[in-house]
Amino acid sequence: MPENFPTLRVCALYPDLMNIYADRGNLLVLERRCAWRGIDFELSSSGLGEELDGEAHELFYIGGGQDRDQRLCAEDLIENKRAGLKRAADRDAVVLGVCGGYQLLGHSYILGGEEIEGVGLLDVTTVREVGPRLIGNVAIEVSLGDGYGAPHTEVLAGFENHGGRTHLAGGQAALGRVLAGRGNDGHSRLEGARSHNTIGTYLHGPLLPKNVWFADWLIARALGPQAPPLAPLDDRLEQQTHLSARRAAGV
Amino acid sequence: MSRTMAAKLALARAVGALSRLRGGGATSAPGKVLLRVEPRAIATLASRLKRGSVVISATNGKTTTAAMAAGVLQGASVNLVHNQAGANMAGGIATTLLDAARAHGAIDGELGLFEVDELWLASLAAQLHPRVIVLGNLFRDQLDRYGELDTIAESWERVLAAGEARLVANADDPLIADLAREKDALFFGVEDDTLALAGMAHAADAKHCRRCGAPYVFDAIYLGHLGHYHCPSCGQQRPVPSVTASEVRLEGVRSARFLLRTPSGEAEVSLALPGLYNVYNALAAAALASALEIPIETIAAGLSGTRPAFGRAETVKVSIGATASQPAHARELQILLIKNPAGANEVLRTLALEPGEHDLLGVLNDQIADGRDVSWIWDADFELLAGRVRRFTCSGSRAADLATRLKYAGIDPARIEVREELSGALRDAAQASPQESAPLYALPTYTAMLALRELLVARGEASSAWA
Numbered sequence: 001m002p003e004n005f006p007t008l009r010v011c012a013l014y015p016d017l018m019n020i021y022a023d024r025g026n027l028l029v030l031e032r033r034c035a036w037r038g039i040d041f042e043l044s045s046s047g048l049g050e051e052l053d054g055e056a057h058e059l060f061y062i063g064g065g066q067d068r069d070q071r072l073c074a075e076d077l078i079e080n081k082r083a084g085l086k087r088a089a090d091r092d093a094v095v096l097g098v099c100g101g102y103q104l105l106g107h108s109y110i111l112g113g114e115e116i117e118g119v120g121l122l123d124v125t126t127v128r129e130v131g132p133r134l135i136g137n138v139a140i141e142v143s144l145g146d147g148y149g150a151p152h153t154e155v156l157a158g159f160e161n162h163g164g165r166t167h168l169a170g171g172q173a174a175l176g177r178v179l180a181g182r183g184n185d186g187h188s189r190l191e192g193a194r195s196h197n198t199i200g201t202y203l204h205g206p207l208l209p210k211n212v213w214f215a216d217w218l219i220a221r222a223l224g225p226q227a228p229p230l231a232p233l234d235d236r237l238e239q240q241t242h243l244s245a246r247r248a249a250g251v
Numbered sequence: 001m002s003r004t005m006a007a008k009l010a011l012a013r014a015v016g017a018l019s020r021l022r023g024g025g026a027t028s029a030p031g032k033v034l035l036r037v038e039p040r041a042i043a044t045l046a047s048r049l050k051r052g053s054v055v056i057s058a059t060n061g062k063t064t065t066a067a068m069a070a071g072v073l074q075g076a077s078v079n080l081v082h083n084q085a086g087a088n089m090a091g092g093i094a095t096t097l098l099d100a101a102r103a104h105g106a107i108d109g110e111l112g113l114f115e116v117d118e119l120w121l122a123s124l125a126a127q128l129h130p131r132v133i134v135l136g137n138l139f140r141d142q143l144d145r146y147g148e149l150d151t152i153a154e155s156w157e158r159v160l161a162a163g164e165a166r167l168v169a170n171a172d173d174p175l176i177a178d179l180a181r182e183k184d185a186l187f188f189g190v191e192d193d194t195l196a197l198a199g200m201a202h203a204a205d206a207k208h209c210r211r212c213g214a215p216y217v218f219d220a221i222y223l224g225h226l227g228h229y230h231c232p233s234c235g236q237q238r239p240v241p242s243v244t245a246s247e248v249r250l251e252g253v254r255s256a257r258f259l260l261r262t263p264s265g266e267a268e269v270s271l272a273l274p275g276l277y278n279v280y281n282a283l284a285a286a287a288l289a290s291a292l293e294i295p296i297e298t299i300a301a302g303l304s305g306t307r308p309a310f311g312r313a314e315t316v317k318v319s320i321g322a323t324a325s326q327p328a329h330a331r332e333l334q335i336l337l338i339k340n341p342a343g344a345n346e347v348l349r350t351l352a353l354e355p356g357e358h359d360l361l362g363v364l365n366d367q368i369a370d371g372r373d374v375s376w377i378w379d380a381d382f383e384l385l386a387g388r389v390r391r392f393t394c395s396g397s398r399a400a401d402l403a404t405r406l407k408y409a410g411i412d413p414a415r416i417e418v419r420e421e422l423s424g425a426l427r428d429a430a431q432a433s434p435q436e437s438a439p440l441y442a443l444p445t446y447t448a449m450l451a452l453r454e455l456l457v458a459r460g461e462a463s464s465a466w467a
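Here the protein sequences line up with chains A and B, keeping their order.
For the first sequence, position 191 matches number 191 in our numbering, and the numbering has no gaps at all.
For the second sequence, position 33 matches number 33 in our numbering, and the numbering has no gaps at all.
For reference, chain B alone in the conformation it holds in the complex:
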């Protein structure tokens, strides 16, 4: 390692330490400093990784997919450099590499595993030269920040045209399949007719064939616009996937099972994560591992052993102070991140599998990381909760917008409470249930999820996300 590189790493580390001392978000600050003093740092440090890098991009499920892939790869004794805190733009990835960098041109890890923000994929792929690129899905997400889906699809197309990476792609997403079809991709998909939905969700995208513009005919819709489809006009078909999930069993808000098939065999997978969306995340991770020639037993064991990433179906205990009617007690709180219509719909669908009426805490923020535009809540099917709400406490900077959405979804306004300030809202929501065994479900947007976790950490009820 050149002296100057060592000095630059040391400088960036010092700034990072300072930022951590001050309690700031240290997941990308040191990397940003490093990139300012050494713009080629990502390429330089990544080239030290003996087994190269793999990247995962998608609008939904990146963090969970990467966590599952990490579980599998660690089970195969691969030493990873992984941006597990979810900081997935240049600063976050530079920070991850900086943390792993050692003296004399060494790095602590063999393989880079990076989740990458969808709009950063082009620039980061050019620096990381990944061996494998996983494209999970393309749903509407934060249009105020990212523009139209077509814009993202076009930038991905350029990445694929430029790269030498092996492509792992979701066959069930027509937008992605259309990008990947000519690229000798390893496709994954769901093969289970019992899961097909009656109709397409309101927020579904990519319903038209990219080749000829005719509407796709869906033979089965599994989730948003994911499913089995063909173009009646030009004959375009869903690619046949070689990594599949069949015999899928969704077990409420806690777990799911399926039969995984890869080119090297089949195995039963039992996920500690709920919903079909997590089956798709698991398939993406399995296909990635399969592309890296990990044995199927190791894949199944790694997937089954993956615990929820923070804020993604994570469960914590919250204590509730004594009131006139109840002694002090603890109540289970399950955090289900919602950040765009497709993700929210899967969370709502999963919640609807749980019997009875629920206590919910929805936290809708409109900071930059959430998307300043809260329009998307009108594309999410909160109608799924009509008749299933005991009490819905709405919090966050746009609490009232969420409350109005719920009212128009058919939830009785008498069961809707608006309380913008989060700690008061959490206290009210947690206290609402007479049966302490019933969990409280929190549905926060991204910054709201961070704020909620911070609050729980301060109360000693959750451990720090960055530990």
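Isolated chain A (complex conformation):
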């Protein structure tokens, strides 16, 4: 019954600057999967200099950018969007940060002698250490099981490419356990971070096309517990894509 679904209102933060790894693929997957189910979908953006209304959207997305662009966005995030994002997280909206976006959801990113302040929604800090970037196919095991349709344990597969090493504070949950690849810091075997509906991950760019089960989980979480369950879709091609990404990671 499409009429029972509220509109899914998605806000992309800095879509022209924080989009280095084809982040628009994630937005396209959310949009299409809502459309195929008759769920109204509304995409807006919030750029440099714009205040963010934490009440106006159910899902907030921030992707990855070049260092220089990320710095510009970090300043603006603190100035114009921190309060809105905090409000969004408090009212259980979904906040998804990917790659650079993940780093900005933490407390800080230390880059050379410089400390870039983040919004602090996740209890993590990131440091650019000397040493190679962590690059390659990656697969992680996540347990989201909480009645939103996702199985108890699932695999997210994708690609990571980051210079920063992210460290979780004692009480901060990771998004998942690394099955193959490098993860947050290359040695803890942990990947990403999750606090309720706020999620950060290094699985960059088009993560959702490779893991449509996760796209659906995000849509369901964003629409909230009152919305009816999502109808299944014909996901044969998406299933093959998921398996091809897992195979590339060796899982």
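Incorrect hints may appear among the rest.
What the simulated footprint calls covered on chain A by chain B, stretch by stretch (three residues with Cβ under 8 angstroms from a Cβ of chain B suffice, anywhere in the stretch; the number is not a length) [as the list claims (entries may be wrong)]:
| hint | region |
| --- | --- |
| 1 | 22-32 |
| 2 | 66-73 |
| 3 | 237-251 |
Partial pick of chain A residues on the chain B-facing surface, computed with a CB cut under 8 angstroms [claimed, not checked]:
| hint | residue |
| --- | --- |
| 4 | His204 |
| 5 | Ala227 |
| 6 | Pro228 |
These are computed hints drawn from the structure, not numbers from a lab.
All C-beta atoms, glycine included, are put in the ideal place defined by N, C-alpha and C.
Could you slot chain B onto chain A? The hints should help.
Showing chain B alone in chain A's frame:
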């Protein structure tokens, strides 16, 4: 030539011959051996070239630009040493020089013409001491291998600061113009308002002024982030190019025409290559030739005479075995390399100029030379093909990723086929059309293009790329 140098050349040649015998990729192996025994070989051999060297770097179109420049220069009777097989890192360039080296310190050629990988430009320019450096464009390409565009731009900036080379640069690419502005560069660019796009592509880069950080305002966008732009904050402008293309006419997947202007005059150019991206390649080659003081008639004739480099808009005939519904026949296959969003978008735009529904074979690999990360397909505008696909066969190690991309681009999944293995995919795709006159378009990534050509050579339908 010293005895030791002669011995080292002979050793590297022997290893190369061995590698060729075994059928291996012999375009860089001998050069790698040579560099191991003689690390200064590139500088030493290049210094034998009487007229010096010129290098061409860009993320897109290096091979085609160099092929066009070769056509022009050969038309001017310049004897070239040219890495035409596209091996464009140190090993490939050393191999090219090794092949041309002769006894007693001689070399078979006057001028070195080298396409150079964008991240190798710094180290190779220091060895080749080029007279001219051509910087074509900087698009997102294989970020897993090369890191951010800013990193490449910074390494290029150091090359330009160090060098004594004349710079030839694309005025329409703000990232390159910002590097070249203070260097007395010879700029080239497109001057044709009828080509301007309605908006910027999703994968567009360099939208912010490098000097003050304000967003550039584009008065016209031609291709990706190439166009006419200015900074409203600090007043930075697109440099005025002295080599231009105007009155551009794009003629589907086969050809393009434009009016070329250089400081020495103007001439009509008719390219046997399609798309605005090849007009840019031609402009880069024309500007290079202009910097070398080649007459404009020779430039126009050389450009018009250039045939496609292998895998770049190359056309071959494939034979199709008899089936219950059709007798055996031959079908035209056009190979259009796609390797990053900017290049893919131009190929897709060019395909969209052809009327009707198309049969396509997309081959997406994720080997190192393709980029292990296939994220980029989500930055390419496959939406341009929505409603224009009769059948799209997806092949390669990441065939399913391509199929999913097409589905989300609005192509009917019933028209999408996934077949990873290439020879079966080619057979299926070629057989799909009921009208044998309609060509099949193959869109392979780099290693997929090599594999496809190898398959066609084995079937006797294409000649060897290295012949």
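Now for the hints, and whether the structure bears them out:
1. Counting residues of the region 22-32 of chain A whose C-beta lies closer than 8 angstroms to any C-beta of chain B gives 6; at least three are required, and the coverage claim holds.
2. With 5 residues having a Cβ less than 8 angstroms from any Cβ of chain B, the region 66-73 of chain A passes the three-residue criterion, so the hint holds.
3. Requiring three or more residues with a Cβ within less than 8 angstroms of a Cβ of chain B, the coverage given for the region 237-251 of chain A holds, as 8 such residues are present.
4. Restraint check, histidine 204(A) versus chain B: the minimum CB separation of about 7 angstroms is within 8 angstroms; hint holds.
5. This hint is violated: alanine 227(A) has a C-beta 23 angstroms from the nearest C-beta of chain B, more than the 8 angstroms allowed.
6. A hinted interface residue such as proline 228(A) counts as satisfied when its beta carbon comes closer than 8 angstroms to some beta carbon of chain B; here the least separation is about 24 angstroms, so the hint is violated.
Violation of the numbered hints given earlier is confined to hints 5, 6; the remaining hints are satisfied by the structure.
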